[in-house]
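Peer 1: Protein chains in written order, with the working numbering: chain B, 1 to 283; chain W, 1 to 282.
Because the hints were derived from the structure by calculation, they are not lab data. Hints may contain errors.
Derived PhoX-like pairs: lysine-lysine, alpha-carbon spacing no greater than 25 Å straight-line [unchecked claim]: (1) LYS130(W) <-> LYS275(B); (2) LYS39(W) <-> LYS254(W); (3) LYS275(B) <-> LYS174(W); (4) LYS174(W) <-> LYS179(B); (5) LYS124(W) <-> LYS275(B); (6) LYS179(B) <-> LYS130(W); (7) LYS179(B) <-> LYS91(W); (8) LYS124(W) <-> LYS179(B); (9) LYS91(W) <-> LYS130(W).
Owing to the predicted nature of the structure, the values given are computational and were not obtained by experimental measurement.
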Amino acid sequence: MNRLGWRKAVNAIMSAVTALCAVTAVAPLLFVLGILAVKGASSINWSFLTQLPKPTGELGGGMANAIVGSGQLLLLAALFGVPLGVAGGIYLSEFGGWGVPFVVRYAADLLVSVPSIVIGIFAYAVVVVRMGHFSSLAGGFALAVMLLPIVVTNTEQFLRTVPVWLREGSLALGAGHWKTTISVVVPAAMQGILTGILLALARVAGETAPLLFTAFNNDYWARGFQQPVSSLPVRIYEYALSPYDDYHRQAWAAALLLLGLVLIVNVLSRLVLAKKMASRRIA
Amino acid sequence: MIATDAARANVTENLNPERPQEAAAVPETGKTQAAVKIKARNVDFFYGAKQVLQGISADIRERKITALIGPSGCGKTTFLRTINRMYETVKHARAEGELLLDSDSIFDLALPNLRRRVGMVFQKPNPFPKSIFDNVAYGPRVHGLANGARLTELVEQSLRGAALWDEVKDSLQKSALSLSGGQQQRLSIARALAIDPEVLLLDEPCSALDPISTAKIEELLFTIENRCTLIIVTHNMAQAARVADYTGFFLMGKLVEFNDTKTIFTTPARKETEDYITGRFG
Numbered sequence: 001m002n003r004l005g006w007r008k009a010v011n012a013i014m015s016a017v018t019a020l021c022a023v024t025a026v027a028p029l030l031f032v033l034g035i036l037a038v039k040g041a042s043s044i045n046w047s048f049l050t051q052l053p054k055p056t057g058e059l060g061g062g063m064a065n066a067i068v069g070s071g072q073l074l075l076l077a078a079l080f081g082v083p084l085g086v087a088g089g090i091y092l093s094e095f096g097g098w099g100v101p102f103v104v105r106y107a108a109d110l111l112v113s114v115p116s117i118v119i120g121i122f123a124y125a126v127v128v129v130r131m132g133h134f135s136s137l138a139g140g141f142a143l144a145v146m147l148l149p150i151v152v153t154n155t156e157q158f159l160r161t162v163p164v165w166l167r168e169g170s171l172a173l174g175a176g177h178w179k180t181t182i183s184v185v186v187p188a189a190m191q192g193i194l195t196g197i198l199l200a201l202a203r204v205a206g207e208t209a210p211l212l213f214t215a216f217n218n219d220y221w222a223r224g225f226q227q228p229v230s231s232l233p234v235r236i237y238e239y240a241l242s243p244y245d246d247y248h249r250q251a252w253a254a255a256l257l258l259l260g261l262v263l264i265v266n267v268l269s270r271l272v273l274a275k276k277m278a279s280r281r282i283a
Numbered sequence: 001m002i003a004t005d006a007a008r009a010n011v012t013e014n015l016n017p018e019r020p021q022e023a024a025a026v027p028e029t030g031k032t033q034a035a036v037k038i039k040a041r042n043v044d045f046f047y048g049a050k051q052v053l054q055g056i057s058a059d060i061r062e063r064k065i066t067a068l069i070g071p072s073g074c075g076k077t078t079f080l081r082t083i084n085r086m087y088e089t090v091k092h093a094r095a096e097g098e099l100l101l102d103s104d105s106i107f108d109l110a111l112p113n114l115r116r117r118v119g120m121v122f123q124k125p126n127p128f129p130k131s132i133f134d135n136v137a138y139g140p141r142v143h144g145l146a147n148g149a150r151l152t153e154l155v156e157q158s159l160r161g162a163a164l165w166d167e168v169k170d171s172l173q174k175s176a177l178s179l180s181g182g183q184q185q186r187l188s189i190a191r192a193l194a195i196d197p198e199v200l201l202l203d204e205p206c207s208a209l210d211p212i213s214t215a216k217i218e219e220l221l222f223t224i225e226n227r228c229t230l231i232i233v234t235h236n237m238a239q240a241a242r243v244a245d246y247t248g249f250f251l252m253g254k255l256v257e258f259n260d261t262k263t264i265f266t267t268p269a270r271k272e273t274e275d276y277i278t279g280r281f282g
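Here chain B stands alone, though its shape is the one from the complex:
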């Protein structure tokens, strides 16, 4: 074989191998989606979405309280985690320098990799023990701790993409550092920051471990934020471990619902971000 032919052959083989690897890498996602769709789709119906769970042994019932409960927990997580995370990101990007920011950044990176069960224990010790009972407040706190480092890191990164000449444009007009940050830099990165928050929420929406002994579970509606609250991941965990077929069916449906919601948020926010990036390139 001549040299050119050999190079073409190597090229073709390597392209095929990498393509195969790429397909293999995304295969689990498609596989999971497929199984959930097959097993769960038939069980997602009106009563599943609107009814409370039935007592063990009775057929039917739904997960209305778990769906609302998950929403409630995410709302609390956002309330605690987002303002703090965004402010922290602003500090790291705009007022940083060395020393403190280095430590904070490092801590945020570490916090991301802390096992979620550990964060659950932390929230248990800090909130549940003090309050004396499980509550959605404790669950929201645990999720907020998970959310925080993601939002901090993400906010910092998007702020850093704001070009220097935009900051200088504001400084050159005599505006101070803080004014420049709030009026020019943050608005310029706003879409990215918001997208990052949505992605972070989507990421913690499926967390089970931090909720097991903070938000606990509830077969009824949780009134206010002081009571234990049901959530989709914990409900899935509980039903999947149960010996009843009807519970298994509902667990599949809940898993499909959860993954579907997370995927929708994910895809939508990425689309928005991609559009934003494209428009910035043109400008």
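With chain B's structure known, arrange chain W on it following the hints.
Peer 2: Below, chain W without anything else, positioned relative to chain B:
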């Protein structure tokens, strides 16, 4: 030598014939001419241990256009950024020497006051991600100069001053990012004019623009000249020849020659200047 003359002729052709050239206005001789707006004496500039400007001395004349030319990395932009202390955003950057705005030391003025008096337009159009109106109103709001109807009026004046009003008067609330590059640059100028600066620094304001937009900006400079002192850094020698009353030639951190534009482009005193403007290097 023939080639040199041809090249020089080429550049001098660009000298605007309609502009009065103050042939006798050699800064060093101190003959009757515009007052000195900015006086630099032995200005040195350092990034850490690296010296990038050495002993810059110059008199920038009030309500005139001064061009700073020279090859990349010669220090002309650094000198420009010294005048409004924009260099302070860079760590370990420091300037020394005497640099006066009227009789005030630029190094001693409070930053907001200095930048109120010395505006800047950047190489790349940099509209804020806000409406056209809010872009122009930004400076006046920062300095608390105007609000309400007075602010609306000021925004209109500034946009007119930057020859942009007719193009945007019906879309003041639209995002500034929707404007074309040339319009964005004129918006940057309007934004700078809105706080009525005494001096306007322009850092290669046309380098990202097409020739038609460039022509509009150059025309604009002649009208702005009546209200403020202009200093423009440019890579484009034809542009310096077209617009500037005075020209300074920077080379390797030194101001090699500073004189009225006609002298610089026709009978430069220094060999390096001649070599540069005739295109032998740079």
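Peer 1: All hints, please: hold or fail.
Peer 2: Hint by hint, here is what the structure shows:
1. For the given pair, LYS130(W) sits about 18 Å from LYS275(B) by alpha-carbon distance, which is consistent with the 25 Å threshold.
2. For the suggested pair LYS39(W) and LYS254(W), the alpha carbons sit about 16 Å apart, so the restraint of at most 25 Å is met.
3. Between LYS275(B) and LYS174(W), the direct Cα distance comes to roughly 18 Å. Compliance with the 25 Å bound is thereby established for this hinted pair.
4. Distance hint between LYS174(W) and LYS179(B) is fulfilled; the C-alpha atoms sit about 22 Å from each other, no more than 25 Å.
5. Simply put, LYS124(W) and LYS275(B) have alpha-carbon atoms about 22 Å apart, close enough for the 25 Å limit, and the pair holds.
6. Among the hinted pairs, LYS179(B) with LYS130(W) is consistent with the structure: their alpha-carbon atoms are about 14 Å apart, no more than 25 Å.
7. For the hint linking LYS179(B) to LYS91(W), the alpha-carbon distance of about 20 Å falls within 25 Å, and the restraint holds.
8. This hinted pair checks out: LYS124(W) and LYS179(B) have alpha carbons roughly 22 Å apart, not beyond 25 Å.
9. For the hint linking LYS91(W) to LYS130(W), the alpha-carbon distance of about 29 Å lies beyond 25 Å, and the restraint is violated.
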